[in-house]
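Chemist: Sequence:
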Amino acid sequence: MKLLPSIFLVASLLFVCSSAHGTTRHIKEIFIGRCQEFQITNRLPRPFDCDHVWKTFSSVFIYKSPCEANASEYDNFINEVSIPVPKDVSIFWSGTYSFVHRYIKAVGSLKTLENLFPGYLVDRLAWCGQKAAPGLNYSSCHDAKHCDGRDTFIFWSKMSTWFARSSSGTVRVLLNSSYIPAFRSNSFFARFEFPNLLKEKVNKIEIIVVHDLDKKVNNSEHCDAGSIKKLQDLIQQRNIPYTCSDNPSSVYQTLCAANPNHFKCQNIHGTLRVVVLAGLGGAGAIIILLLIAIFCITRKNSNPPEKKRDMYKTEF
31 MKLLPSIFLV ASLLFVCSSA HGTTRHIKEI FIGRCQEFQI TNRLPRPFDC DHVWKTFSSV
91 FIYKSPCEAN ASEYDNFINE VSIPVPKDVS IFWSGTYSFV HRYIKAVGSL KTLENLFPGY
151 LVDRLAWCGQ KAAPGLNYSS CHDAKHCDGR DTFIFWSKMS TWFARSSSGT VRVLLNSSYI
211 PAFRSNSFFA RFEFPNLLKE KVNKIEIIVV HDLDKKVNNS EHCDAGSIKK LQDLIQQRNI
271 PYTCSDNPSS VYQTLCAANP NHFKCQNIHG TLRVVVLAGL GGAGAIIILL LIAIFCITRK
331 NSNPPEKKRD MYKTEF
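Counting in the numbering used here, the sequence shown runs from 31 upward without gaps.
Because the hints were derived from the structure by calculation, they are not lab data.
Where is the CB? At the ideal position from N, CA and C, for every residue including glycine.
Just so you know, not all the hints are guaranteed correct.
[Said to hold, decoys possible] Here are the simulated DSS-like cross-link-like pairs (lysine-lysine), alpha carbons at most 25 Å apart as the crow flies:
#, residue 1, residue 2
1, 117, 234
2, 234, 135
3, 234, 58
4, 135, 245
[As the list claims (entries may be wrong)] With beta-carbon atoms standing in for the labels, derived distance ranges:
#, residue 1, residue 2, range
5, 89, 229, 31 to 39 Å
6, 131, 225, 23 to 31 Å
7, 245, 93, 42 to 50 Å
8, 138, 271, 31 to 39 Å
9, 106, 229, 23 to 31 Å
10, 169, 116, 39 to 47 Å
11, 154, 214, 14 to 22 Å
Work out the full structure: start from the sequences and follow the hints.
Modeler: Put into structure tokens, the structure is as follows:
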């Protein structure tokens, strides 16, 4: 058991050293290491043979040219590693990869495709086959027949479809207002995820629009405007209840956690604002509670009793 974290660390370091233009160096070792690590750190409904999972996955493309990749061939892999997706935890994203993973770490309980077992195995990895030994092209995934990136594209299109069809209850989508349009018709969310959300399983869609702290609010991309309005209309056409929010408090605090000294994260109009720093854990919570207690004591005698409940408007 103690050896496994070291194996995973080595695999991660190998990933960092991999080529950005061809198949990720040591992809097999990284894949198997992640498979083993995930099973130790997460409760899965059944054990998985990581070597067998790799063989099922790699058989789709190894010793084949990129143009030979067939989407249906990933079905065996998906069937082998599919696990139930809990209700109310699915969050989709477009143009917000880095932020969405900070966000779910801060709020807890939500899962992207990359946080689930099948997606976690190959997140941020690249692969493409070739007919010559060793069956994988480590130098370049460029293809003379214009099949560049086909192996990874068809994989993520299949996995995105699976994730959407497996989602239920309240689902969320995080969009980036800095991108114009924020809801892009050629995105994975628009092409494979939104169309495959099942009305009989999904009872609500929450649209969350992220506005960067360092940029002015995008007047053309926000709830009820621009491409966001287009998405709202599409949801209405499917008769699925939805909400839309621009930089809700949970998003705002996640942004401030990464930029605690930003002027937008400081005192506003004299109101005490507590910025919850993601990852502080129990010690951080105790410090925050102590600060609130001190503030309460110092203000106790200076505020009329009927206004006590309005003294603190800390957003969590």
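Chemist: Each hint needs a verdict: does it hold in this structure or not?
Modeler: These are the hints, each one checked on the structure:
1. 117 / 234: holds, 12 Å
2. 234 / 135: holds, 22 Å
3. 234 / 58: Roughly 39 Å between the alpha carbons, so the hint for residue 234 and residue 58 is violated.
4. 135 / 245: holds, 24 Å
5. 89 / 229: 31 to 39 Å: holds, 35 Å
6. 131 / 225: 23 to 31 Å: 24 Å Cβ-Cβ, so the 23 to 31 Å window holds.
7. 245 / 93: 42 to 50 Å: The hinted range 42 to 50 Å holds for residue 245 and residue 93, with Cβ atoms some 47 Å apart.
8. 138 / 271: 31 to 39 Å: Violated: the Cβ-Cβ distance is about 24 Å, outside 31 to 39 Å.
9. 106 / 229: 23 to 31 Å: holds, 29 Å
10. 169 / 116: 39 to 47 Å: holds, 41 Å
11. 154 / 214: 14 to 22 Å: holds, 21 Å
Of the numbered hints listed earlier, those contradicted by the structure are 3 and 8.
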